[in-house]
Amino acid sequence: MILEISVPDKKSFSKPSLSNYDRLVIGYPFCPAYPDNPSYSHEAAAGALEEFGNDFDVVISLPVCPMEEEMEKVAAVLESAKNSGAKGVEVHSFGLLMWAKKSAPELDVQMGEFSDIYTAYDACLAYDMGASAGIPACEIDLEERIVIQKESPMELITVAAGIFPVAFSRYCHNNPDGIPARCTGLCKNGRTVTYGPDQKVLQAGRVIYSYRALDLLTMLPELVEKGFSIFRVNGMRMNEEQVSKTGQILRAVLSRHGSKPAKEELASMEALFPGGVCNGFYYGARGLDYIENII
Amino acid sequence: MNPAVPTKKPLLMVPAGSLKAAQAALREGADIFYAGIRGWSLRPTAFEIDETEFLKILKLTKFFGKKIFLTMNCFYRTDEIPAALALIEKMKNAGIDAVIASQPGLIREIHRRFPDLAINVSVQTSASNRQELEFYKELGASLVVLPRNFPELDPDHIKKLAGTGVGLEMFLVGDDSLNYDGRCYLSSYLNQKKIKDDTERKYCMMGSANRNGFCYLMCKRECEVMEPGGEIHRGHILRRGDLALFSKLKPLSDAGIEVVKIQGREFPAGMVKLIVRMTRRLIDSIDDDSSEKEYVRELEHLVRLKQVISANHLRLLAKSRSSFWRNIRPVIEKPWDNILTALWMAFPFYRELRWKKYLNEANKIDT
Chain A
41 MILEISVPDK KSFSKPSLSN YDRLVIGYPF CPAYPDNPSY SHEAAAGALE
91 EFGNDFDVVI SLPVCPMEEE MEKVAAVLES AKNSGAKGVE VHSFGLLMWA
141 KKSAPELDVQ MGEFSDIYTA YDACLAYDMG ASAGIPACEI DLEERIVIQK
191 ESPMELITVA AGIFPVAFSR YCHNNPDGIP ARCTGLCKNG RTVTYGPDQK
241 VLQAGRVIYS YRALDLLTML PELVEKGFSI FRVNGMRMNE EQVSKTGQIL
291 RAVLSRHGSK PAKEELASME ALFPGGVCNG FYYGARGLDY IENII
Chain B
271 MNPAVPTKKP LLMVPAGSLK AAQAALREGA DIFYAGIRGW SLRPTAFEID
321 ETEFLKILKL TKFFGKKIFL TMNCFYRTDE IPAALALIEK MKNAGIDAVI
371 ASQPGLIREI HRRFPDLAIN VSVQTSASNR QELEFYKELG ASLVVLPRNF
421 PELDPDHIKK LAGTGVGLEM FLVGDDSLNY DGRCYLSSYL NQKKIKDDTE
471 RKYCMMGSAN RNGFCYLMCK RECEVMEPGG EIHRGHILRR GDLALFSKLK
521 PLSDAGIEVV KIQGREFPAG MVKLIVRMTR RLIDSIDDDS SEKEYVRELE
571 HLVRLKQVIS ANHLRLLAKS RSSFWRNIRP VIEKPWDNIL TALWMAFPFY
621 RELRWKKYLN EANKIDT
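Chains as they are written, first to last, in my numbering: chain A, 41 to 335; chain B, 271 to 637.
This is chain A alone, in the form it adopts within the complex (with noise of 0.2 Å):
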C-alpha cells in the first residue's frame, strides 16, 4: 500500500507533518508565475530533491499543458530531476510521457489527474508506452474504475483526500489579460465562486478547484478490497495540520488491511476541512450526492 501526497514546493510542509506519507508528488504543474515551482524551475526542482530526496521517494511533477515555449525550462527540470536522485517525475499527456521516457528512461513516469486516462484502452497505451501508475479522469465513476484496474496493467492512483482541481486555464482568472508579467499572489487564497444556492467552487489563479473537499474514507476499504494500493491526498492547498492529520487517519485505516474506519477517525477527517467533504462527484450515480438545486 503506497500513500503519497502532492506538495506544490519545498516550502509548504515541514518533514515532520509527511511522516505518514511514503511518496511525495512535487511542484505545482499549472502555472509557472507560482514561485520556486520544482515543475518549471530546475533550482527548485533540485531545492526540493535536496530537502526531500533522503527521507521520502519524490516524484517531480512537470506543467500541465506547457506551450512549446517552456519546453526549455520543462527539459531542465527533467534533466534536474534525473540527475538529483527523483524516483519518477508525473506528467499530464501523453506526448510528455512519450518525450520523458525518451529522454530519461531511467525515471518512473506516472500520470497526473489532466491525462484523460477514461478507459482501459488510454491506461493499456500508457502502460505501453512506459508509465508506471495513473490517475484516471476525475469525472469516471467506481464501476469505470474498476474495470480499468482489472483490464490493464497500469497502477491506478486514487486520490483519497484534499479538494481536487476540476479546470484548468491557460488564463490566470485574477488576471483576466492572461499569465501576470508580475504575479500578484492572489491565488494563494481564492475566491469563493458560488452557483445557485449552493453550487461552490474555489478559483484560484488557473486553477479551479472543487469546494468540498475528497474524502474517501468510509471507501477505502472496499478499494483495496478491489486491488488499488496507490492513494493519494491532495495537498495543494491544505495547511501543516490538514496534511499531517490526513496522512496519521489514511496511514492508521490502510495499515488495518480493510477494516472499516472508526467513527472517531470520520469525525476526524471530516473537521480537518471547514468547506465540507464529499465522496467525489464521480462515485455517485447522480453526480454531487449532496446537491439538489441543480440548475
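No lab work stands behind these hints, which were simulated from the structure alone.
Among the hints, a few may not be true.
Claimed, not checked - Just a few of them, taken from the derived set where beta-carbon distance is under 8 Å, the chain A residues facing chain B:
| id | residue |
| --- | --- |
| 1 | PHE92 |
| 2 | GLY135 |
| 3 | THR159 |
| 4 | ALA160 |
| 5 | ALA177 |
| 6 | LEU182 |
| 7 | GLU184 |
| 8 | ARG185 |
| 9 | TYR235 |
| 10 | VAL241 |
Glycine is no exception: its CB is placed at the ideal position from the N, C-alpha and C atoms.
Guided by the hints, dock chain B onto chain A, whose structure is given.
Leaving out everything else, chain B in the frame of chain A:
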C-alpha cells in the same frame, strides 16, 4: 505583401449539423465537412443527426468531390469502445475520409484496425507543444486541432509547432474556451447525471462536456463571487468572448495552419451558409488586403449573431433539468434561431437592438 510568394490557402472545414446546412455550405464553397452521429460526438443529442441523415450528407459531399469527417470525439467508457469501432468501420465502408477522435487509446485502436483511414485529432486533446504533435503522429494521426485559447493561436507560437509531420488545424470561429478543452470538469462536478437517452450508447452523462457534450456552460453563467478580502459581487466572471480570427488569417496560414474550422453544428443553416460564404471569400482573397477588411466586418456581425443565439440556447439549456424541456427544446429552438437569423440579416436596427441587449446582460457586474 510579396506577390511573388502567395500565401498557401488553408482548407475550409465546416459543420454539417443537418442536411440543409451541408447543402448550403456546399454551395458556398466548403472543402471539408464534419458531422457526428447521434450520441457519439460532443454535442447534445438535440443537435446531432441520425445515421440516415449522415449517410445522405456523405453521399452529397462525395458526389461533389468534397471530404467528410466523422466526429467521434467523446471520451467513451471502456465498454463503449467496441461499439464505437464498429460504427467507424461501418462509416469507413460507406466512404468517410477521416475520423475525428480524442482518446489516445481509441486512436491507437482505430489506426491498428483501419490503417488507411485518416485520423484527425480533436481539440479535446489540447495539444500545446511539439511533443504532443509528435506523439499523435506516431499514433497514426495526420491532422491535429490546436486548443481554442488565444496564446496558443498566436502565429508566432504556431510557427514553432510547424514541421512535425502532422497538419495543423484551428478554429477560426468558435467559443474562446476559458478552460482547456478536455480538461474541464466544472460542469460535471456540479451537475453530472447518468441518464439513458434514445441513442445507442449505454448512458448519456448529462452535465459532462467531455463525455456527451451536454455541458451546462458554467463558465457563461452568472455567479456570486467572494473575493479573498470578503468583498462580494455578482457577475459573469468566467465569461470570455468568441474566437473570430478573420483578420489574422494570413499570418496564421503563413505560420503553418492548413485547415481552418468553423464551429457550429447547433446553428441554423442560414447562418452557417453566410459564415461559410464570407470565410470562403476571405480565404480566396487572402493576399488582397482591401477586400479582406470588408469580409471581416461582415463576419464580425455574424459572430455577434452567433453570440446572441448561444445566449438563447443557454437560457433554454438552463431549463433542461426537466425532461419536458429537454424534449421540447429541439422543437422550439431551431425555428427560433431561424427567425432571429432572418431578422438580424434583414434589419440593421434590430441587429443593433439585440446586440445592445446582449451586451447589457453579458457584462453586468454589480459590485
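For each hint, the structure was consulted:
Nearest Cβ of chain B to the Cβ of A/PHE92: about 28 Å, over the 8 Å cut. The hint is violated. Because the closest C-beta pair between A/GLY135 and chain B is about 3 Å apart, less than 8 Å, the hint holds. Annotation: interface hint on A/THR159 holds; nearest CB of chain B at approximately 4 Å, less than 8 Å. For the restraint placing A/ALA160 at the interface with chain B, the shortest Cβ-Cβ distance is roughly 5 Å, inside the 8 Å limit, so the hint holds.
Satisfaction of the interface hint for A/ALA177 is found here, the shortest Cβ-Cβ separation to chain B being roughly 7 Å, below the 8 Å cut-off. With 8 Å as the threshold, the beta carbon of A/LEU182 stays out of range of chain B, its nearest partner Cβ sitting at about 12 Å, so the hint is violated. The criterion of a C-beta within 8 Å of any C-beta in chain B is met by A/GLU184, whose closest approach is roughly 6 Å, and the hint holds. Interface hint status for A/ARG185: violated, as the beta-carbon distance to the closest one in chain B is roughly 10 Å, over 8 Å.
Interface restraint check: A/TYR235 against chain B, minimum CB-CB distance 5 Å, threshold 8 Å, status holds. The interface hint given for A/VAL241 holds, since its Cβ lies 7 Å from the closest Cβ of chain B, which is under the 8 Å cut-off.
When held up to the earlier numbered hints, the structure conflicts with 1, 6 and 8 and fits the remainder.
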